[in-house]
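> Residue-level listing of the chains:
Number of protein chains: 2
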Amino acid sequence: MYYVGIDLGGTKTAAGLVNEDGIIICKETKPTRKGGHYTEIAEDMAELASSLIRHNGVKIEQVRYIGIGCPGTSDCEKGTVLYSSTFGFIGAPLAAEMQKHIDLPVFLDNDANCAALAESISGAAAGAESSVTITLGTGIGGGIIIGGKIYRGFNCAGGELGHMKVALEGDECTCGRKGCWETFASATALIRLTKKGALANPESIINKLLEGDIGKIDGRTAFDAARRGDETGKRIVCEYMGYLSDGLINIINILMPEVVVIGGGISNQGEYLLEPLRKLVGAGTYGGNNIPQTEIRLARLGNDAGIIGASMLGKKK
Amino acid sequence: MYYVGIDLGGTKTAAGLVNEDGIIICKETKPTRKGGHYTEIAEDMAELASSLIRHNGVKIEQVRYIGIGCPGTSDCEKGTVLYSSTFGFIGAPLAAEMQKHIDLPVFLDNDANCAALAESISGAAAGAESSVTITLGTGIGGGIIIGGKIYRGFNCAGGELGHMKVALEGDECTCGRKGCWETFASATALIRLTKKGALANPESIINKLLEGDIGKIDGRTAFDAARRGDETGKRIVCEYMGYLSDGLINIINILMPEVVVIGGGISNQGEYLLEPLRKLVGAGTYGGNNIPQTEIRLARLGNDAGIIGASMLGKKK
Chain A
3 MYYVGIDLGG
13 TKTAAGLVNE
23 DGIIICKETK
33 PTRKGGHYTE
43 IAEDMAELAS
53 SLIRHNGVKI
63 EQVRYIGIGC
73 PGTSDCEKGT
83 VLYSSTFGFI
93 GAPLAAEMQK
103 HIDLPVFLDN
113 DANCAALAES
123 ISGAAAGAES
133 SVTITLGTGI
143 GGGIIIGGKI
153 YRGFNCAGGE
163 LGHMKVALEG
173 DECTCGRKGC
183 WETFASATAL
193 IRLTKKGALA
203 NPESIINKLL
213 EGDIGKIDGR
223 TAFDAARRGD
233 ETGKRIVCEY
243 MGYLSDGLIN
253 IINILMPEVV
263 VIGGGISNQG
273 EYLLEPLRKL
283 VGAGTYGGNN
293 IPQTEIRLAR
303 LGNDAGIIGA
313 SMLGKKK
Chain B
3 MYYVGIDLGG
13 TKTAAGLVNE
23 DGIIICKETK
33 PTRKGGHYTE
43 IAEDMAELAS
53 SLIRHNGVKI
63 EQVRYIGIGC
73 PGTSDCEKGT
83 VLYSSTFGFI
93 GAPLAAEMQK
103 HIDLPVFLDN
113 DANCAALAES
123 ISGAAAGAES
133 SVTITLGTGI
143 GGGIIIGGKI
153 YRGFNCAGGE
163 LGHMKVALEG
173 DECTCGRKGC
183 WETFASATAL
193 IRLTKKGALA
203 NPESIINKLL
213 EGDIGKIDGR
223 TAFDAARRGD
233 ETGKRIVCEY
243 MGYLSDGLIN
253 IINILMPEVV
263 VIGGGISNQG
273 EYLLEPLRKL
283 VGAGTYGGNN
293 IPQTEIRLAR
303 LGNDAGIIGA
313 SMLGKKK
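Sequence lines, in order, name chains A and B. Take any residue in the first sequence, count from 1 to its spot, add 2: that is its number in the numbering used here. Take any residue in the second sequence, count from 1 to its spot, add 2: that is its number in the numbering used here.
Be aware that one or more of the hints could be misleading.
Which copy? The list can't say, so a pair holds if one copy fits it or any two copies do.
Claimed, not checked - In silico lysine-lysine, BS3-like type, Cα no more than 27 Å apart, as pairs:
#1 K210 with K198
#2 K317 with K151
#3 K14 with K32
#4 K61 with K317
#5 K151 with K218
Calculated from the structure, these hints are not laboratory results.
Go ahead and model the full structure; you've got the sequences and the hints to work with.
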């Protein structure tokens, strides 16, 4: 049997045909219709799924269900998006709408929850009874796994780890509050820090790396400079690590998961990121070395985590 | 059958004989031996339990077990305190030590977890599938209940909600970090705010209420002044509510429990506390009114929550 996993993003929609072992057999992607009504988005996803099934010579009877990971809060029982700022959805019955176009069961969940489920089953946290997966991107996505299952809270809206306030003041967040963790520790926040550092320190290697175009700064820039011994780069990375560890320590003090998984582009820094982060987190966690410590690991499934996790939604119901 | 619940505190130890309905039949209290070795503390608790059983004419065969709530982190399986800053315990096998003196099974857990369990079974969160109980005292105690059971994390150290950083800077916390929620929103923090406000505003009613003795300030003072229309009192209460809501919103965004229970002396302010708090929390929670909201309620079991919860530990294993 096969499963279709769909990672519904603000700019593109990626779908994968996944086998019983959680391996993606084939992937298809198309742009997400900008400003589309939920009926249109649902129709597009149904077409993408049909195309994927057809192109792989698989019969629809061989597909068990479709799983969708969508930004925002969904009622997972009903398959309805309750609220998604990315799409402007309020109460969008995506699952029912898709079923008008394709005759398969449809499961729906938050995209970060899907990534966390995938990492917990076949990724970095495989074998752990509890884990939290953090994705450092435009914002910070978070998914909590307890007892091998997604923890959603009573209204399916839990796990909004990026919207944990870690500072009394700060830039306004998309959620309306100030001081949210994602305004300090997302890739976007690191880019902002790097720009500020580059402008204030004209002698920094960062400015050479950019060849004068500050718009080229991305989540790697400060790390690249720091690795070359640039003081500004090192200071930026150090400040960023502090913010990143602040939120991680909070999450650990609250949930004490066996494993925390770090994903998103910044996790490509590997041990250069992880080694100092482990020290900061170990030193700040309540109880310190007197109690067993949460392990921090890098995500393993990369951008496929969303598709793989979505394809597992029906199994873990 | 009966149960003995013990609330082991830094200054006093309270024990209760509890019936099948979770009702305390009789309570005995004695001072906790200051700086005592764990063997002495265990012996004292065993004596207190024996005395309670004897004085009530109950046979030891009629008592199912003893449950203990202790500040700090415990290995609940082994009945060992892994770390408690209150007592300076690191690896103290309290349960085994007690059983040298009394022939009953002994269960051990964190004191705030016990309070949360009690409120979730026979208190303010009775009937809720998930709840978080916050106790505003010297620090902030927190207990998380998921699926009717205490959520402890993989190492039994979860639920340290007071040690969630909500500010980049601030007074140093007992845990060594700066900016912990309990340094802003505990009763101790409110007292500090009130003192500062009273000193800076000699015209404030607060100074009259204290009759010149600033040492008389407690968690009620600012509320008392605010209720009488005092501007300084209102400002202090407003600032404090802001800090309290900051942490509550974080907890809700992460866990989305059905109910949050507020306990500790400050919860005696009742609706005067709760009404503005509900508004602040409702406005700041991710998803706002588009999704079902967590209910905020006042604790019902008061100081007995620790004893009652401890007496339930064995049932919920």
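> Now tell me, hint by hint, if it's right for this structure.
Verification of the hints:
{"no.": "1", "hint": "K210 with K198", "verdict": "within (15 Å within a copy, 50 Å between copies)"}
{"no.": "2", "hint": "K317 with K151", "verdict": "both (10 Å within a copy, 24 Å between copies)"}
{"no.": "3", "hint": "K14 with K32", "verdict": "within (6 Å within a copy, 66 Å between copies)"}
{"no.": "4", "hint": "K61 with K317", "verdict": "within (20 Å within a copy, 51 Å between copies)"}
{"no.": "5", "hint": "K151 with K218", "verdict": "neither (40 Å within a copy, 50 Å between copies)"}
Checked against the numbered hints listed earlier, the structure breaks hint 5 alone; every other hint is satisfied.
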